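There are 2 protein chains.
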Amino acid sequence: MQYFPPALEKLTEQFARLPGIGHKSAQRLAFYILSQPPEEVQAFADALTGAKHAIALCPICQNLTEGDGPCSICANPKRDKSTICVVASPKDVVAIERAREYEGVYHVLHGVISPMNHVGPDDLYVKELLGRVAEGPVREVIMATNPDTEGEATAMYLSRLLKPFGVKVSRLAYGIPVGSHLEYTDDATLMRALEGRREMR
Amino acid sequence: MQYFPPALEKLTEQFARLPGIGHKSAQRLAFYILSQPPEEVQAFADALTGAKHAIALCPICQNLTEGDGPCSICANPKRDKSTICVVASPKDVVAIERAREYEGVYHVLHGVISPMNHVGPDDLYVKELLGRVAEGPVREVIMATNPDTEGEATAMYLSRLLKPFGVKVSRLAYGIPVGSHLEYTDDATLMRALEGRREMR
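Residue numbers (my numbering), protein chains in the order written: chain A, 1 to 201; chain B, 1 to 201.
Incorrect hints may have been included.
[What the hints assert, rightly or not] DSS-like cross-link-like pairs, simulated, lysine-lysine; straight-line CA separation at most 30 angstroms:
| hint | chain 1 | residue 1 | chain 2 | residue 2 |
| --- | --- | --- | --- | --- |
| 1 | A | K10 | B | K91 |
| 2 | B | K81 | B | K168 |
| 3 | B | K91 | B | K168 |
| 4 | B | K91 | A | K24 |
| 5 | B | K91 | B | K163 |
| 6 | A | K91 | B | K163 |
| 7 | A | K78 | B | K10 |
| 8 | B | K24 | A | K10 |
| 9 | A | K91 | A | K168 |
| 10 | A | K81 | A | K168 |
| 11 | B | K78 | B | K163 |
| 12 | A | K10 | B | K10 |
| 13 | A | K163 | A | K81 |
| 14 | A | K168 | A | K78 |
| 15 | A | K163 | A | K78 |
| 16 | B | K10 | B | K24 |
| 17 | B | K127 | B | K168 |
| 18 | A | K163 | A | K91 |
| 19 | A | K91 | A | K24 |
| 20 | B | K10 | A | K24 |
| 21 | B | K78 | B | K24 |
| 22 | B | K10 | A | K91 |
| 23 | B | K81 | B | K91 |
| 24 | A | K81 | A | K127 |
| 25 | A | K91 | A | K127 |
| 26 | B | K168 | A | K10 |
| 27 | B | K24 | A | K24 |
| 28 | B | K24 | B | K91 |
If you're looking for bench data, these hints aren't it; they were derived computationally from the structure.
From a predicted model like this one, the values you see are computed outputs, not experimental measurements.
Pulled out of the complex, with its shape left as it was, chain A reads as follows (with noise of 0.2 angstroms):
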């Protein structure tokens, strides 16, 4: 039996859709849609569509920019263009960027090499970052894929196709995070921070 209208359970089967959000939730914010203004409504219709269509791939590094040119990183003058940091994501751009330290450019790769989730290698911009390391005056890459077993073999397996490039790859140091307790250190961690250990001056 059909007990919700049909434009409403359609909507509830869309935010069902959504990754972490149940049959429960969903419902849930359906009934909030119908009880807010139809301009609002409207508005978040158009923030849908509207990222979807505003939204590209900047040609030089992949990540996301407005428009057809490159990102405002990659358009820069400032930004050293020599060194490309290579990362998963968009938002580990905005995690380094963040820290206000890093002033080269980026190479997003839009996932990482995961065989248990059919990801491979040419699923990512693996090509692309190849092709900025033969052309460009490129000088050193930064592998900043996360510190787990798919981001840590992602890095290994870019690192040796680039060897004959005779490019620098270096790694983001591993070790004790900023501000943490020694005490709730996991040993893995523990003993990346031991091996890393540099001599203070």
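Dock chain B against chain A, hints included.
Using the frame of chain A, we list chain B on its own:
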């Protein structure tokens, strides 16, 4: 500094306005939308505006319906129009319909009286309920608001309003939920279950 393209920020903001969705989740949902094919995103946007446009309140019971006429329950000649079950929300109609026991009609208040949230009787569909009882051949009004403080207060308030009409006003039975354990039943429910005990035949 602007980190993400404005269209993405806008979409994130829209998601973050939904109840129970924080900024991080909103960002995750916005990224998910970007990863979807344009026709899926369009379908989502259409479901949003479609639901808002298509869904109206039944002129009789105030339940959600599509189109201008009465809802399918009010329009059904087999339903007993002399019994009105008063609920707070359309979700409660669905819950009762699912039990396949009730053959009367409904009245949806769209909320409960809640001084904390500045919801008074005038913000609910109370006038419409009184109108139905005054006009139609109504014999019984069943209060089926939630058994919490506000639901109870609303039921009490309505039952007093309905007294002058000489109509029978009843309340859903309180008791131990079917399939539950006495051991895990809270005191208030156990007390109500004792009070409402019935002779076995």
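Here is how each hint holds up against the structure:
A hinted pair counts as satisfied when its Cα atoms are at most 30 angstroms apart, and K10 (chain A) with K91 (chain B) qualifies at roughly 16 angstroms. Pair hint K81 (chain B) plus K168 (chain B) holds up; C-alpha atoms about 14 angstroms apart against a cutoff of 30 angstroms. The hinted pair formed by K91 (chain B) and K168 (chain B) meets the criterion: a straight-line CA distance of about 25 angstroms does not exceed 30 angstroms. Annotation: proposed proximity of K91 (chain B) to K24 (chain A) holds, straight-line Cα distance about 11 angstroms (limit 30 angstroms).
Taken as a hint, the K91 (chain B) and K163 (chain B) pair is honoured in the structure, with Cα atoms around 27 angstroms apart against an allowance of 30 angstroms. For the hint pairing K91 (chain A) with K163 (chain B), the CA-to-CA distance comes to about 62 angstroms; that exceeds 30 angstroms, so the pair is violated. Between K78 (chain A) and K10 (chain B), the direct Cα distance comes to roughly 28 angstroms. Compliance with the 30 angstroms bound is thereby established for this hinted pair. Between K24 (chain B) and K10 (chain A) the alpha-carbon distance is near 26 angstroms, which keeps this suggested pair within the 30 angstroms criterion.
At most 30 angstroms may separate the alpha-carbon atoms for a hinted pair to count; K91 (chain A) and K168 (chain A) meet this at roughly 25 angstroms. For the proposed pair K81 (chain A) and K168 (chain A), the alpha carbon gap of about 14 angstroms is at most 30 angstroms, so the pair holds. Pair hint K78 (chain B) plus K163 (chain B) holds up; C-alpha atoms about 28 angstroms apart against a cutoff of 30 angstroms. Distance restraint check for K10 (chain A) and K10 (chain B): the Cα-Cα separation of roughly 24 angstroms lies within the 30 angstroms cut-off, and the hinted pair is therefore satisfied.
This hinted pair checks out: K163 (chain A) and K81 (chain A) have alpha carbons roughly 19 angstroms apart, not beyond 30 angstroms. Simply put, K168 (chain A) and K78 (chain A) have alpha-carbon atoms about 22 angstroms apart, close enough for the 30 angstroms limit, and the pair holds. Between the alpha carbons of K163 (chain A) and K78 (chain A) the distance comes to roughly 28 angstroms, so the proposed pair stays at or under 30 angstroms and holds. Only pairs whose Cα atoms come within 30 angstroms are accepted, and K10 (chain B) paired with K24 (chain B) is accepted, the gap being roughly 14 angstroms.
Of the supplied pair hints, the one linking K127 (chain B) and K168 (chain B) holds, its CA atoms being roughly 18 angstroms apart against a limit of 30 angstroms. Pair hint K163 (chain A) plus K91 (chain A) holds up; C-alpha atoms about 27 angstroms apart against a cutoff of 30 angstroms. At most 30 angstroms may separate the alpha-carbon atoms for a hinted pair to count; K91 (chain A) and K24 (chain A) meet this at roughly 29 angstroms. At roughly 26 angstroms between alpha-carbon atoms, K10 (chain B) and K24 (chain A) fall within 30 angstroms of each other, so this suggested pair holds.
For the given pair, K78 (chain B) sits about 50 angstroms from K24 (chain B) by alpha-carbon distance, which is inconsistent with the 30 angstroms threshold. This hinted pair checks out: K10 (chain B) and K91 (chain A) have alpha carbons roughly 16 angstroms apart, not beyond 30 angstroms. Under the criterion of a C-alpha separation no larger than 30 angstroms, the hint pairing K81 (chain B) with K91 (chain B) is consistent with the structure, at around 21 angstroms. Proximity of K81 (chain A) to K127 (chain A) is assessed by CA-CA distance (about 18 angstroms); at most 30 angstroms being required, the pair is judged to hold.
Restraint check for K91 (chain A) and K127 (chain A): the C-alpha separation of about 21 angstroms stays at or below 30 angstroms, so the hint holds. For the hint pairing K168 (chain B) with K10 (chain A), the CA-to-CA distance comes to about 39 angstroms; that exceeds 30 angstroms, so the pair is violated. The suggested pairing of K24 (chain B) with K24 (chain A) holds, with an alpha-carbon distance near 20 angstroms, which does not exceed 30 angstroms. The suggested pairing of K24 (chain B) with K91 (chain B) holds, with an alpha-carbon distance near 29 angstroms, which does not exceed 30 angstroms.
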